[in-house]
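> Chain A is fixed; fit chain B onto it per the hints.
Protein sequences, first through last, are from chains A and B. Numbered according to the numbering used here, the first sequence spans residues 1 to 942. Numbered according to the numbering used here, the second sequence spans residues 943 to 1190.
In short, the hints are calculated from the structure, not lab data. As the structure is a prediction and not an experimental result, all values here were calculated from the model. The C-beta atom is built at its ideal place from N, Cα and C for all residues, glycine as well.
Restraint ranges, calculated between C-beta atoms of paired labels, are given here:
#, chain 1, residue 1, chain 2, residue 2, range
1, B, Ala1189, A, Gly203, 31 to 39 Å
2, A, Glu829, B, Glu1007, 26 to 34 Å
3, B, Ser1005, A, Gly203, 19 to 27 Å
4, A, Asn677, B, Glu1094, 24 to 32 Å
5, B, Ala1189, A, Asp741, 49 to 57 Å
6, A, Leu10, B, Gly1059, 23 to 31 Å
7, B, Ala1131, A, Gln597, 46 to 54 Å
8, A, Gly375, B, Ala1131, 52 to 60 Å
9, B, Glu1007, A, Gln597, 42 to 50 Å
10, B, His1125, A, Asp16, 32 to 40 Å
11, A, Gly203, B, Pro1010, 19 to 27 Å
12, B, Glu1141, A, Glu910, 41 to 49 Å
13, A, Gly203, B, Gly1059, 42 to 50 Å
Negatives, chain B to chain A, calculated, CB over 10 Å:
#, residue
14, Ala1066
15, Met1074
16, Asp1118
17, Gly1134
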Amino acid sequence: MPHHQPDLDLSPPVSDEVRKTTCYMCACRCGINVHMKGGKVAYIEGNRDHPVNKGVLCAKGSAGIMQHNSPARLRAPLRRTGPRGSGEFEEISWDEALDLATNWLAPLRATAPEKLAFFTGRDQSQSFTSYWAQNFGTPNYAAHGGFCSVNMAAAGIYTMGGAFWEFGTPDWDHTKLFMLFGVAEDHDSNPIKMGIAKLKARGARIIGVNPIRSGYNAVADDWVGITPGTDGLFILSLIHELVKAGRIDVDYLSRYTNAPVLVNGDPKSPEHGLFLRDVDGKPQVIDRNTGKPAAFDTPGIRPDLHATHRAAGVTHRPVMHLMAERYLDPKYAPEAVADRCGLTVDKIKAIASELARVAFDEAITLDREWTDFRGEKHQSMTGRPVSFHAMRGISAHSNGFQTCRALHVLQILLGSVEVPGGMRFKPPYPKPVSAHPKPHSRSAPDTPLDGPHLGYVTGPDDLCLKEDGSPARIDKAFTWENPLSAHGLMHMVVSNAHAGDPYRIDTLFMYMANMAWNSSMNIGGVTKMLTDTNENGDYVIPRIIYSDAYSSEMVAYADLILPDTTYLERFDCISLLDRPISEPNAAADAIRWPVVQPDRDVRSFQSVMCELGARLKLPGFVTEDGGQKYADYADYITNHQRKPGIGPLAGWRMGEQGVTHGRGAPNAAQLGNYIANGSFCAQHIPEDAQYYKPWNMAYQDWAVKIGIFDRPQPYIFDLYAEPLRRFQLAADGHGERQPPDNLRERIKATLDPLPIWYPPLEDGHVDGEEYPIHALTQRPMAMYHSWGGQNAWLRQIHGRNPLYLPTGLFQKHGFIDGDWARVTSAHGEITVPVAHMAALNPHTVWTWNAIGKRKDTWALKGGAPEAREGFLLNHLIHELLPPRGDGLRWANSDPVTGQAAWFDLRVKIEKVRAADEAHPVMPPITSPVGQGPDELTWKVEK
Amino acid sequence: MTSLPTSTQRKLGLVIDLDTCVGCHACVISCKGWNTENYGAPLSDQRPYGADPSGTFLNRVHSYEVQPESAPAQLVHFPKSCLHCEDAPCVTVCPTGASYKRVEDGIVLVNEADCIGCGLCAWACPYGAREMDAAEGVMKKCTLCVDRIYNENLPEEDRVPACVRTCPAGARHFGDFADPDSHVGQLTAARGGFDLMPEQGTKPVNKYLPPRPRDTLGQTNGLAPFLDPVAQESKGFVAWLDRALAAL
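The following block holds chain A by itself, in its conformation from the complex:
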């Protein structure tokens, strides 16, 4: 056959139209170009102009088309007809559904608003949902942060007024050494990959700290295969090395942190460990120019790290002294910690040395003048080109808060936060604790709550306790058990509601949270709590309302289902009031808009809440004459004002001289402007304001101008976290508000104002000899929680999740690939398929999270591997720790923040005969949506 080339059309039409909106296949919020053909979605690619992803798009994002076309989508509102958990429903109209919800909720609001518990899962509209809950008047609202990464967020805010991901990011353009601790592979998905690409292109070093060497850790130049739960000890050892060698940025520490702030050193004083303050309440430092105390922000001073000060008979010492005392202790020496961390002494020393070398010997300078908050002018910006990122791997432990704090303290000691090459904040961050609200929980019939639910406590007075000292919230957030629970404790809601502890509720209302499956610990227990009845035969949790777009495991456990749209069928706003898409050089927010209309009887959840709010006559949702204030979510996004001139979106507002960004009145054309601009708005930070943001007056003034703050609020970083010390003092018997006696010792031990390390709490409750192995999960890059499971393309990549065992364990038990193991924790056991992985910490096993599915959910067919061999580790994890004979039950959470301690899990493993399917086997659930087709030949234009 001779060579023959057919005529090819090399310029076929690509699409009729490109509609630019925002992805929702995970929490990254990338910009997408949705190519439309014949009014249908034909192809999705990244938006090149978008600040988050700059054109690239991950597997999830490109597979969004199959999420939109998923057979698992709910079709209409559902009312339960069979028993809870059966999956038996009837389709009802929206009028019926909203009547039902109104009839359930109106009496609660009129008598006891706290009887509604409203918790939203992977909600990207928290400023809206929390506003709704505030207007309802219930104190019981939070989103999913408590079982996700509140330790990271709270430790960041309490230390430096911001953390990672939406708060901050490495300076990818300048950093020369990047150290990554425990990050699920789908986290900050495209930005981290794009950042790694930049580093790789210029040969910068990447160090990955993770028990599992996959994903980002696979491309890291150096892998630190740490033993789970010991990251804090490793970090404190790095701090020990750096402090001991004097390889710390003393200039930065004295100017921009509370290292020079004077601390009361009198053990007998009720203020022992608190700061010396002046009459204005400002922390005091010694000025090296005068040798006298001065407020930390006094113009012209040079804060000292060395001198002590005696006042009223009490010696006050700078924070830096306390740090030196603590971290020079030989118990943090590499020789003392290496074994426990699963590392070598030389590796720890080499990393400390490399951090110091790059930070100080490879310092960079940007030729930009700037003025600090003390009025001092600087000719240039000095950078320490060492940067860090971390997320759940270090935060989902019961020592996670202190570990995250330790990491931030390490960054600050190196002088590498908010400097060129270091870690940079994204507006509206940096924002100190003092600029955040405190939690509010005072509720009364027919009355809005007294303020925002979630916030940052600064001492016992801010806790959410009732007059009798009992918890005000159903999840016991902001109580002595976990005082700094800034995101609430969603993982405790079902069990507390079931136990009637601290009180009984009536209606549990949840959005986008698979609490009957992968988002709960102790699944068997939780599903029993959701279906349990009392002596009258009534459900112990009387009513459950749930909203989701998909037929998840949770659907079957609700009484009323409000079916949501897909992300391509709705308006959304990704707001500066919430979790925006800002970059270090720009404040940015974004929208989603209906690029297609729903082809079924579903409605955007937020629009439904606008109507439900009006039906319930919630003050923020009705007009003066009692009518519905916001016709739908788009109306709310456009016209709601949180305060005059500030609304959900900052772009294209109506200023005094016409359309403007930042502050301004509502503009009816605003959403159209966003759509025309690719669904986002970026306000760029002037060059002289781009670094040193907490202390840079040009940044502070810019932030006020665009509406982020109402006045400049420069602050210094809190190496020493005084709020924690106030709880220790209470535990010592100081003050009016006193913790229960059983918590005193734990508060004293764990709420240390300087970062500490203690073993994960589970270690103290289970026998380490009996359960010697750490068990972890992580999410793959191509799958986000359980949502991805029904995606026809993605499940071909990640449809199976064996338990990966390291070489030593695999050989010790005589496994071969395809064998099965029984995995037992102090709480339960599972039987699962195993596989070998060499690039793994020798004491750790792991699997992909949320691949396993309940039978007949998500429109998957019976034989789907996800529902047969797929499994969850959640069965092995309990929301409470095992009893230890003290008569008390201890939550499996961080004692500071209440973060769910998923990764404290310890197990033992035995080889068992091959099983037909993973155990425990839970019965199938009747699918309210049927099953997907047997073949796909997907093409819009065939």
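Below, chain B alone, put in the same frame as chain A:
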């Protein structure tokens, strides 16, 4: 069987950086999406919601563990699609002329109208880069997005294969290997780009860049020496602090 052109004017192909590929499968799905909607028959999926789902993909990412003798194990992500070989055995084996290599740019394509679905080409390809579409009964393979790279309906910067446009880690590069000054030519030269299975004699156009050395920190002395203490305990350290501040 089918002849190859004696030479091609350009040699278009990909360089894939194994040092940087994080194994995220973005390229896999972007390819699936574009090529389902575009060139030829859609890439079908069998049992997409059932047991053993199996669909047609033109690009897949495989992962391999490497265990060095005295260093921690490594994981290498290895994306694989048609390498558009100069001596493409999949073309010469084709009984109908459906498989061909383009004279202009060297892209290997299947003319689906002439493909009888015999599968010989897939047997002949040493890389396993061709997949028979179970619904359509025709052979599918990477087209190097021939319907994108010259497409005047796309903005010029988008005239690259879908996998290259989407790769978040910048691990995929597209260009003309016939031009040593091209970006791909330079990268291949600078980073020691290599042929996959050169012993097969297929002369693949696509190249792979090898992973850089790993785990050198703490293993060699080429980097910074360990840190020397300024003090052993806090009193000495505080005195050092004073000196350090005075020196500023």
